[in-house]
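Participant: Letter by letter, the chains look like this.
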Amino acid sequence: MRDGDVVVIEGFTHLICFAAGHEIIRQRRRDLTLCRLTPDLIYDQMIAAGCAKKLVFSWAGNPGVGSLHAFRRAVEGGTLEIEEYSHFGMVARFAAGAARLPFWTLRDYAGTDLPKANPRIKSVKCPYTGEELATVPALNPDVTIVHAQRADAQGNTQIWGLLGVQKEAAFASDRVIVVVEELVDERVIRSDPNRTLIPAAIVDAVVVEPWGAHPSYAQGYYDRDNDFYVGWEAISKDRAGLAHYLDEFVYGVGARAEYMEKQPRLIERLKAGEQMSAGVNYGF
Amino acid sequence: MRDGDVVVIEGFTHLICFAAGHEIIRQRRRDLTLCRLTPDLIYDQMIAAGCAKKLVFSWAGNPGVGSLHAFRRAVEGGTLEIEEYSHFGMVARFAAGAARLPFWTLRDYAGTDLPKANPRIKSVKCPYTGEELATVPALNPDVTIVHAQRADAQGNTQIWGLLGVQKEAAFASDRVIVVVEELVDERVIRSDPNRTLIPAAIVDAVVVEPWGAHPSYAQGYYDRDNDFYVGWEAISKDRAGLAHYLDEFVYGVGARAEYMEKQPRLIERLKAGEQMSAGVNYGF
Amino acid sequence: MTTVAARELADGEVVFVGIGLPNLACNLARRTHAPNLVLIYESGAVGATPSRLPVSIGDPALVTGSLMVCGMADVFQLFLQNGRIEVGFLGGAQVDRYGNINTTVIGDYAKPKVRLPGSGGAAEIALHAQRILIVSKLSPRAFPERVDFVTSSGQRVTRVITDKGVLERDAASGELVLAGLYPGVASTDVAVGWKLRARSQLARLEPPSKLELQLLRDVLDPQRLYLKS
Amino acid sequence: MTTVAARELADGEVVFVGIGLPNLACNLARRTHAPNLVLIYESGAVGATPSRLPVSIGDPALVTGSLMVCGMADVFQLFLQNGRIEVGFLGGAQVDRYGNINTTVIGDYAKPKVRLPGSGGAAEIALHAQRILIVSKLSPRAFPERVDFVTSSGQRVTRVITDKGVLERDAASGELVLAGLYPGVASTDVAVGWKLRARSQLARLEPPSKLELQLLRDVLDPQRLYLKS
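Chains as they are written, first to last, in the working numbering: chain B, 254 to 537; chain S, 254 to 537; chain U, 942 to 1170; chain D, 942 to 1170.
Think about it this way: if two alpha-carbon atoms lie no more than 25 Å apart in a straight line, the pair counts; the simulated DSS-like pairs of lysine-lysine are:
id, chain 1, residue 1, chain 2, residue 2
1, B, Lys307, U, Lys1054
2, S, Lys490, D, Lys1054
3, B, Lys378, S, Lys369
4, S, Lys307, S, Lys375
5, S, Lys306, S, Lys490
6, B, Lys490, B, Lys306
7, B, Lys369, U, Lys1052
8, S, Lys515, S, Lys490
9, U, Lys1078, U, Lys1054
10, D, Lys1052, S, Lys306
11, D, Lys1151, D, Lys1078
12, U, Lys1054, B, Lys490
13, U, Lys1052, B, Lys490
14, B, Lys306, B, Lys369
15, B, Lys306, U, Lys1052
16, B, Lys369, U, Lys1054
17, B, Lys490, B, Lys515
18, S, Lys369, D, Lys1052
19, B, Lys369, S, Lys378
20, S, Lys307, D, Lys1054
Have a look at the derived ranges for each label pair, beta carbon to beta carbon:
id, chain 1, residue 1, chain 2, residue 2, range
21, U, Lys1151, S, Glu514, 53 to 61 Å
22, S, Val461, B, Lys375, 45 to 53 Å
23, D, Arg1087, S, Ala496, 38 to 46 Å
24, B, Gly532, S, Ala496, 38 to 46 Å
25, B, Arg440, S, Glu514, 37 to 45 Å
It should be emphasised that the hints constitute simulated quantities derived from the structure, not laboratory data.
Note that beta-carbon positions come from the ideal geometry of N, C-alpha and C, so glycine has one too.
Chain B on its own, in the form it takes in the complex:
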């Protein structure tokens, strides 16, 4: 990760890699272009910490709670550049990036002000029907960080539950870092190859960081920390509160293990129950 990089930490509600975001804050990276459908608390923290020059996004709120206050202060104060799409537009940008096409076609934006706000939303004429369709440009990040439930040492990565755009973001990216709850033997991966979302061939590094997605969640490992999301409203509402949070829980800890030690009741409160899938037979 370098200053000025285009960085993606994806995950739709599920598997948002807060551990990586905190490490980027601690390394005091600057001038990053941060891209995500939903900036969520992680980018709110990175914006507050001064890592971001620009934000590319489609929905910037605290789901079910309210605002991302660092984001709002930066935009309303004119200190953060933004490039804004709808969810489908962002998904399409990642799809184009993953397929290494320069653009993606979608039926969208008729009658809205989004193309006026973002001139990168253009259109193309169908060579068969003549109709005009919306386009968005490919998004090819320098680095994408994907949090996942499990991977083998080579980086063959399996995810279940909500998949977001993790696969597309990884294939669109120049460098890919996978952060997992659990490192497993290659045999576990090979026992269920349809579950593999990201192959080792595109992965540059594998990091094992249990609970690395807290306060978001990892299906089968731990629940979403809804209390923390609700609490963020008060923490982030003023600069001082947010700075205090970063001091204590980001700058103040060396690594994820310390972050967990500071919150000893998290595990008991959020650890997942068991609801195992029915197996399938891969024999022939």
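Please arrange chains S, U and D on chain B, whose structure you already have, making use of the hints.
Facilitator: Chains S, U and D in isolation, oriented as in the chain B frame:
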């Protein structure tokens, strides 16, 4: 299914619904436009039986063996209309159909004669870079038949092993028929929702037909009948041999159960061994 | 509002569900007159039967025991753009005379007075769901003549369910008109930012039944996450 | 041919594998000098370690125990068009002076003398794999000056492995030239449909080693499905 319909029976080597093809032959459907990446023996049989007016495809051979002789006789004799793409072109046609876009964009065909042979392969100019990219038109079949390992009574369908373009073909189609090896309780589907490829919301009918994909295969249920594929070379080489095969194994049987009864050793020869997947936890 | 929204849904329909009241309304409908409603969440969960009230659209309880979970490219391309969604729920900070919704900014886009979250999936839901239901509290400020920014188009809006009554989109003029009132509310109580016309016959919206109230309070939202009254 | 093809592969490379000799060659390379070769099949199987020699590109043995199985849209968009494939193997009924391949028709397209299977994935493999290896038996008929139909372009062809010797694509002229011979084969034995030029220094292709032969005959193809001699 009606005479003149655009019909897709998909499945790449895996899960090719011969049971449905045979039923269409028995119902003496005519003037069908048959679409598949690999026509395989199933469309060779349907062409021989006179069901097809036109074939839309990308690779028409008997894999590892040789020719599809009924197909060759029809094309070399000028009695079958063809529309030909590459595999990627066919995949892209289904992708466009599934997304209900009129076309799909791909980087392909530069320096080849395929666009000359098929004027429906066109191009579009990227609104960002100005470069010319290839396009193919959407494929939206009237009927798609998907063979699958299991579904519930509503049609929520799970497939593992090779996935081909089954999902795209189903979503692209006006009507969808799912044929399964096994009808399972909704609870089995709900125990592993990431395994569901086709939702009940797009399925018009569910048919239970064990061994319905023979001589192709169903991962976890039975192996591919490679001997049959090798034997097809001799059966199909002349019209009489092929007609004899259809008389005995298609017209001569009322339904799939009779087809299986005629070949009592199939099950013992091809029944799958057991290699179960590791389960995953969906708890929270 | 929740019960009126629930009654808008017909059994067997495929609904794109938002979080909050729309989710409550859908689950109420499933337990009363529409047991075969198919709920699809933007996050990729299809046919969810959550064992607790989901706090976010990506709640793990929407995944466990659902019928299908797919990536978001499939949600937007194969379900939404494909035309498989019959009903979409939207809300917004501003709704205008023609049903256009603003969830982007109050004030100028380049220099916003208040920066709102933005579109999310709202732009495309509004274009691709076969009909759009808006759920929003009614006030002149929230219902201006024109929104500051059109995040999603009003073309497919059929009804707007508010805390005072229900508005409909008039097919001829394209504008929202008053169509029904809750018991005890008069037409004159319904003030918006333009001269609101009313249907000649106003529907009387039935209050929640005993069963509906019991389901909402005891089963669906016992912790009163969304039901404030 | 198989051993020569195997030796073309470097350890760790990502290879798009066809059925038949290319598959044998890849599995031989994996068991000798390139244990970390990543094999990707058009059918969607990634990192397969088949327990039997696959008869078709979609053999169930390619799935069981593989590292990943994905749909074909992902194979073509995310792997191939994305540029993740380093080596692609192709074969064909005709290969011409510039490495163009024909697997579509002999004769005129509209009135074919012989109708061949068509492109399959060959058109796009030839454009997107970083380098293309052709494996084909050599004869003047199979190597005409110009193919009847260009199914896949010769632009990225680097080497053509035949039963007589190896041809390379000359960077300057773009045409195939003779680069190496098997022991006991003379340049004059190599006849194609055009005046074939030869490198000034011809490589002497080493015959299969004892280990290679043993692996091929006893482990990889004991039933002689592909090894005829």
